Structures are given as structure tokens and as C-alpha cells.
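Enquirer: The lines below spell out each chain.
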Amino acid sequence: MTTVSLAQPEIIQPSRLTLIFRYMRRNKGLAVGLFILLLLVIFTVYGTATADLKHAYPITVKSKQPPSWEFPLGTDFFGRDLYVAMVVGLKETALIGLLAGGLGTMVGVVLGFISAYFGGWLDMIIKGICQILTPIPALLIQIIIAGSLDKRDVTIYTMAFVVVLLAWMGPTLVIRAQVLTMKERQFVSVAKLSGMGDLGIIFSEILPNLLPFIAASFVNQVFYAVFASFYLAVLGLGPLREPLLGNTIWAAQGQSAFFNNWWWWPLFPALALVLVLGSLALINMGMDELANPRVRKTE
Amino acid sequence: MTPVLQIKNLQVSYYTDAGRARALDGVDLTLTAGEKLGLVGESGSGKSTMALAMMRMIKPPGRIEGGQVIVDGTDLMTLSDQTMLKARLSKIAYIPQGAMNSLNPVTRIGAQMVDAIKAHDEGSSRADIDRRCKLALESVDLSSSVFKMYAHELSGGMKQRACIAISILLKPKVIIADEPTSALDVVTQRQVMETIDRVQKQIGAAVILIGHDMGLMAQFVDKVAVMYTGRIMELCSVRDMFTDPKHPYAQALIRSLPNLENKGVFNGIPGMAPALLQLPGGCAFHPRCSKVMENCKTQRPPSTTISGGRILECHLYSEKA
Amino acid sequence: MSDLLEFKNVTKTYSHGLLSRVSTTALNNVSLKLETEQPTIMTVAGESGSGKTTLAMLLLGFIEPTSGQILYKGKNIHALRGEERMMFRREVQAVFQDPFAVLNPFYTVDHLLTVPIARFKLAKSKNEARDKMYEALTAVGLRPGDVLGRFPHQLSGGQRQRINVARALVLRPKLLVADEPVSMVDASLRANILETLRGLQKNYGVSIIYITHDLTTAYHIANSIVVLYRGAVMEAGAVDTVIKTPQHPYTRLLIDSIPWPDINRRWGETAIKVRESDLSDHPSVGCRFSSRCPLVMEKCKQSPPLFRLSEHQAASCYLYEQNPAIDPEKLSELLPV
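In the order they appear, the protein sequences are chains L, W and B. In this text, residue positions in the first sequence follow this note's numbering: the first is 791, and each later residue adds one. In this text, residue positions in the second sequence follow this note's numbering: the first is 307, and each later residue adds one. In this text, residue positions in the third sequence follow this note's numbering: the first is 17, and each later residue adds one.
Just so you know, the hints here were simulated from the structure itself, not pulled from any lab data. Keep in mind that this is a model prediction, so the values were computed, not measured. Among the clues, some could well be false.
Said to hold, decoys possible - Here are the computed lysine to any residue pairs in the SDA-like style, where the Cα-Cα straight-line distance is at most 20 angstroms:
id, chain 1, residue 1, chain 2, residue 2
1, L, Lys982, B, Leu138
2, L, Lys982, B, Glu99
3, W, Lys477, W, Ser396
4, B, Lys91, L, Lys973
5, L, Lys973, B, Glu99
6, L, Lys982, B, Phe122
7, L, Lys982, B, Thr130
8, B, Lys137, L, Lys973
9, L, Lys982, B, Tyr123
Unchecked claim - Pulled a few chain B residues facing chain L out of the computed Cβ check, cut under 10 angstroms:
id, residue
10, Leu76
11, Gly77
12, Pro81
13, Arg105
14, Phe112
15, Phe116
16, Ala117
17, Val118
18, Arg183
19, Tyr220
Cβ coordinates follow ideal geometry from the N, Cα and C atoms, glycine included.
Given only the sequences and the hints, what does the whole structure look like? Please build it.
Expert: Spelled out as C-alpha cells, the structure:
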């Protein structure tokens, strides 16, 4: 049997960068969200590197100063430099978000995989717990837990933990559903025929294909964690000494900042809050389009 | 006898990141009422694009770039979108591949048929429409109780026949069946093809059967057109195609078919069909052709008609016009 | 001398429903044997619902039989462990129907070949592995440079299926289950792939079980044939005899409905008595084909045994009850090699 060699058409692969730019053009939400986030990150990094971080804490600078060249965002009643406070606050928010988000996603991946791949009673238990916990109003439980903690025990780490407690079910169920479909795919059967064991199949065959979902899940978790940390802080349930954005707003409200004409105190944190949540929301929605091929608009 | 379908120089291209792919590159075709044409070719040959182009259902990045599709005297390419909407199903009907999956799963079959008629014909009374639908169902050998059933209650063959019934409701002049039986078993396939044959005779339509199963063509059609990279390489009667194919590609295709005489002999066609984005110059088949000549590499052969109404695109015959 | 693979009275039923268990029999008491020294190509032919896919899944060990045993070299495949199980996996391979579904979209197509080479230790070095891959790819008519390093969606269906067959070549199994390997491939490529499969049998001693509904290709490649209908064996024997002179009414209907690419052979000489699709209930006792059979008789309410019609043909139909009946286990004796 002869093989006629034809000049195989060069499959012109546009460079990775071009592909990314093209995608951004289509998915404007994702692009805008990422851009805003990037600005926030640059702001935070620059601030952390240049400012004296001690000024984010009470009684370090002259209090009640409006925005000026020395204090770009003014100072508050307690003597914090609000610009430094914002820098540190954003950094800590990011920490909570990444910690809680990462933890929630990891739990989701591990439990989701175990549940879907091995099935049986393990699956029933995990699925059952998820389904029972999901309808519980997380806000309520978080407030109760955070409210009953001794004020000194509340740190950003405990906040992250409180947030994750009722957030891990989402990723678990989503990942489980994806693994259930994946494991029926024929390339998994072929991998079995090629001598691969269960663990090998999970890690080399199924997991790589789930990376978009896991990434989307992660972004979702981060968004949710940041949001939760905000509302808990705004209610006064956060680690009060830390200059979290929510804490600042809560403190400002407690001192009737607007009535006292300290308008800059709650305003800038509020604006920052909008930007942070907005950008995360846009990225979250954008990721949904990336991870869910059906939602994806065709080229 | 005036032809019911005339396609002249149809051209369709797809514009991709990597360039322009000429899916159809100047296709000509003529059919009279009651005639059955088989359109065969490998994947990428352009046969499904042809069907979509005739129905004006090509979506971007594809574009119809030229040519005429004249059905019963009207050039479909010149119609407004609104008029084309009406023309679909009433003048030209399309049974897509896996048509059974295009049935609406949440409405009854009868409701879908009624919708189809209502979209084209405001006048008739409900009773009249119902009667026409039930008649259509009977002509495809389905009992009228199917009218009230849902798609999931029917088997694959029944669903396909329901789709055929929908396609003949408005008595179109041309029916395009795009691999109507590819998902069906051999026995069901025969039933469905016999059904298409029967309804076609009843309403006197012309049928274009698109597929790659040459056996099906041998049993069903009157004429066969072999497509390759968007061009029709040979068009002739089905008997001629199987007994005396002239184009080297058609010859290779016929030779590669398994039959009961040549057990164990395999005659594959060497090489592979080229990608549309990188077509060889001249005749697209020349790299794989056993009878290639010098001018095949540079000049695309013109479409030539030889004795017996056979149309060929091959330099071996281009002088014999 | 034990047989390579043996099906002993294998039945597979699926049941669903919570309160009233409704069960469907996918395979009913099928017995088969394949020997080691004489590699052969056997076709299991049937339409959808015949049980041929279930047979493939059972053969590969993906599902367990409800009753009966599947033996590989004398041992029950579901009892194999460790080294022996790896051996089984190595020696029993498959080529599936859908060339795209078997490729993991995350990896290049090389992954399909490199994984088994690594897992079964078929090569001692990277270079040796590459050589084996090149050899197999060339043998199926591909240029290794054209396909290695590419992703599945960048190749055509025909190329992908050829890579699948190349995988089988690299593994050199003893038994290859080919489940509709050419049905999703263009007609012009089918001949190439079938020729490669036959080459596997002739040159490398691989036995092939070719599962299909397309009797034209089966005729060309196989030596013996087993015709299934709804889980039961209707007819079996040498492929020439069964296809040219079918005896069972179902086989006759099947052969007759094949659109042969031959102008002079018209299909439809046998009338289709009852349209399959219009039946809502199938007989659960007796001959599985009785509700569609144009020659049905009263006694067909009892399952007919296999009657031997000649040295290499048997049909399970009461039309032939004058012939000697044979046990289902002896089915393999009919099948020539």
C-alpha cells in the first residue's frame, strides 16, 4: 500500500498572545474586570512597598484630616492614614479571598473527585451532606459564629475559615458533576485498556480537562469570600483592629462620619469596595463563559 | 422538459483565521421533476455546504459569493429574507442529517406539522390543516395516532419518517435529504428510503440525496454527482457511474467499493483529500491521480459535457467537448 | 492447550425500576471460543439492540456478566489480579468506532501511543518508543511528521482512526476487539483501514473480533460470522456461506436490505412484514424474531435451539428442525478459522 506524500498544509497556529487578545476582544466583561483588578493590584503593591504600614493603625498620625498632599485619602477619627489603611486593607482582603477561595476550591476538587469517581456509598454521603448544607442561609450562620467569637480571636484567618465553612459545597457538586460525565468518556476507557490505574486516570486523564472548571470555581469562591468578608466587616464582625475596607466603613458609620463632615472617611473605602467587587464579578461572569462551552459565543 | 432545479456557478467560501476556504467552487447542476440525484463525496468535499447554500442557510464565517439557484423559475439567491423564509418548505425542503434530533422534544408531532403549515399558509382552516397533516403521516406509513405523540415516543426510524412527512407537507418541488439514514439500521434504512421514494413519486418532486454510501446511491438514485474539494468531478447516470466511470477519482471510488465478487481485495485510494485552505494548483485531484498529465498541475479543467449527457471536469476529456 | 478467550453461557441482563423491576436481556446464553494458535477474524453482526456492544464491553472486562463466565486463558477475567491482570490488559485491546472520542482533547495525539508503551513497558528507551511509534504510523499510511505533536481537533477523522489502529499495531495484542472501526470513516478510507486490520491477523497473529452492522465489510475481512438479534444468536458459520446463502429469516432480511453497490442487485426482494419501529412490545419468550418473522409458526413460542445445517453453518430456527441440534457451547466448532 503506497503512501503518497502530500505537502501537509501548514496549520497556521496564531501565537498564544494573539489568541488571548482575540478572546479578550470577544469577552469584554472579562477584559474590563481583569484590567480593573490589575490596577488595584498595582496600587496595593506600590503602596506596600512605599508607605509606612504602621500608619494604617490607630493613633499614628494626626486625626480627622481631609485629603491633602500629605494624606491623599485623609485620616480618620482614630488617627489612621486612610491611604495606607486602604493599601493594607486591600492586601488583607486579597489574602482572605485567596485563602478562603483556595481552601474552598481544594475541598471541592478532592471531595468532588472522590465522590464521582468511586461512587457507591461514599458518593451518597458526600452528596447528601452537600445537599443538606446548601440551603442553610450562610449569612445567618456566619453572623452567629462571628458574633459569638471573642473579639480578640477574630483575625483574618478565622474570617476566612468562617467563610469557607458554608462555601465548599458549591465547588464539590460542580466538580462532581463534571467528573461524572468525564469518566464515561471513551478516552477514559482507552486509558484503562492502556493499563492505567484509577489514580493515573484521575490525575492525567480527567483532571487536566477540568482545569477551566476548577479555575472558574476558584474565581467564584474568591468572589464569594471577598464579598462575605465585606459584609461581615461592615456589620462590625471583622477583626476590628485591621484596616479592612468593611471595618473602615463600619467605624465611620459608628462615628457618624457624614454628619461630622468627614466625608472622605467612608467614601473612599466604599468606592474601593465597588471596584473590587465589580471587577471580581466581571471576571467571574467572564470565566463562566470560558469554562462553559455552551455559553460561549461562537467566533 | 423544463428543469425544476437549475444551479449555475454556485460559489461559497468560508473565511477563517487561516485564510479563505472555497467550500464550493463553481457548481452547476440541473434536475427535472421526479428525478433523483445522488451527491457523493468525502467529508470536506462540499456536499453538505451545497445543501445549506441551496437553502440559503449558510452562516458566517461562510458566505455565498455567487451563482444562482433557480427552483421552478425563481432564483432563490435574489429573494428577500422574508420571501426566502416562505420559499423554504414550500418550494424547497431540507431533511438534515440526524433530523430526528431536530424534532422539538416538548411539542407533539402534530403541533410541529401544524406550525409548519401555518407559517406558510394563513388561509386554511384548522380542520383542513389537520387533515393535510394526517395525510402526510399516512403517506410515510405512520399511523395518524403519531399526530398526538411526542418525539421521544417514537423510534429512530419513525422519527426520521416524521421528518420526511414534515418536509412534504407543502409539496415542495425539490427535496434535499442530507444523509437521512446515517444513524439508522440497515433494515430501517431500507424502509426510510422506500418511503422517500414513494412520497417523491406522489408529489412529483425532485430529490437530492447527499451521502457517501455508494450502495445506497446504486439502489435509489437516477443520476450521481461525485464531488471533490467543492467541485463536481463527474455527473452521470447511476448505471454509467457503476459500469463505466470516466473520471479517475470516480473510478478509484468505484474500485474501492467492497462487493461479493472480490472478497479480500482492498483497493483504497492512496493519499488524502487536501485541506481546502491549501488546494493544489490546477486540478485538485492531480496529486492522487493515476493518469495525471502536465497541464493537470496548472490548469483547472473546464466542465465538459460528453456524449450521453455526462459532465466531467478532467483534462482527459476536455477536448472532446 | 487452553483457549485464548472463552464465553461460557454468558447472559447479561439490565434491570431498572424501583418497585416493579423491569429487566432487559442484552445477551442471552451466548457461548464462544477463540483459540490461540490459529488467529482468525470473527464477525459479530447485528443491528442496534442486538447485544453486540454489550458483547464487546464484556470481552474487554468493562462490565460483568449476570451469569456465566468469561475466561481468558482458562481464568475468569474478573478474578485476575496484579501481573496476570496486566497481561490480560496487554493482550486484549480494542479499536472503537468514534475516532474523536478516544482521544483526550487535552493532549496531543502522541499521548494515545505513549501511554500504553510506557505502562506495558514496550520500549526500553525514548528512542525505541519513538521508533515503534513511527513504524506503526507508517504502517497505517500516515507520515509521522504530519500527525505527531498535533491535537485531535487538528486532524481529520480518517487520520484519527488510523492513529487508533496504529495504537493496536504498537501493542500487538493477541485479541483485538474492533467495534465498528470504519463506520465513521469515509468510504475511500475504509478499504485502507480494513486492509491494515487484516494485515494484523496475517502478519502478527492477532485474532480479531469485528463487530459491525455492515455486512459488506464483514464479508471482506472475516472468516466466520455470528449474527445476533436482541441478544440471541440467530445464525452462525463461515462468512461466505452465511452471507451468500443465508438460512435464518432474520439473516435473509438483513442481507436483503443491504444496499449493495451493484446496479443489478436490487434490494427489497423480501418484504418487511412488520415494521420494527411500530412494535412496542417484544416477545420475551420464545424466538426473539418471531414478531417480525414472515414465516412464524406456533412452536416459535419456544426458543429454538441451534440447528446445524452443514459443516460451517447453523441457524436457530424451527424451519430447520430436521437437522441435528447443537449445544450453544459448541458454537465455535462451526466457525472456520
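Enquirer: Against this structure, judge whether each hint is valid.
Expert: Against the structure, the hints:
A distance of roughly 16 angstroms separates the Cα atoms of Lys982(L) and Leu138(B); the hinted pair therefore holds under the 20 angstroms criterion. Pair hint Lys982(L) plus Glu99(B) holds up; C-alpha atoms about 15 angstroms apart against a cutoff of 20 angstroms. Among the hinted pairs, Lys477(W) with Ser396(W) is consistent with the structure: their alpha-carbon atoms are about 6 angstroms apart, no more than 20 angstroms. The hinted pair formed by Lys91(B) and Lys973(L) fails the criterion: a straight-line CA distance of about 28 angstroms is larger than 20 angstroms.
The hinted pair formed by Lys973(L) and Glu99(B) fails the criterion: a straight-line CA distance of about 25 angstroms is larger than 20 angstroms. Proposed proximity of Lys982(L) and Phe122(B) is supported: the alpha carbons are some 17 angstroms apart, at most 20 angstroms. Distance check on the hinted pair: Lys982(L) and Thr130(B) sit about 14 angstroms apart at the alpha-carbon level, within 20 angstroms; holds. As the CA atoms of Lys137(B) and Lys973(L) are separated by approximately 25 angstroms, the hinted pair breaks the 20 angstroms bound.
In summary, the hint linking Lys982(L) to Tyr123(B) is supported, as the alpha carbons are separated by about 16 angstroms, within the 20 angstroms threshold. About 7 angstroms separates the beta-carbon of Leu76(B) from the nearest beta-carbon of chain L, less than 10 angstroms, and the hint is met. Hint on Gly77(B) holds. Least Cβ distance to chain L is approximately 9 angstroms, under the 10 angstroms limit. Because the beta carbon of Pro81(B) sits about 18 angstroms from the nearest beta carbon in chain L, more than 10 angstroms, this interface hint is broken.
Because the smallest distance between the Cβ of Arg105(B) and any Cβ of chain L comes to about 5 angstroms, under 10 angstroms, the interface hint for this residue holds. Taken as an interface hint, Phe112(B) checks out: its beta carbon lies about 6 angstroms from the nearest beta carbon of chain L, inside 10 angstroms. Interface hint at Phe116(B): satisfied, since its Cβ lies 9 angstroms from the closest Cβ of chain L, which is below the 10 angstroms cut-off. Interface restraint check: Ala117(B) against chain L, minimum CB-CB distance 4 angstroms, threshold 10 angstroms, status holds.
Satisfaction of the interface hint for Val118(B) is found here, the shortest Cβ-Cβ separation to chain L being roughly 5 angstroms, below the 10 angstroms cut-off. Taking 10 angstroms as the C-beta cut-off, the interface hint given for Arg183(B) holds, the closest approach to chain L being about 8 angstroms. A hinted interface residue such as Tyr220(B) counts as satisfied when its beta carbon comes closer than 10 angstroms to some beta carbon of chain L; here the least separation is about 16 angstroms, so the hint is violated.
Hints 4, 5, 8, 12 and 19 from the earlier list are contradicted by this structure; the remaining hints agree with it.
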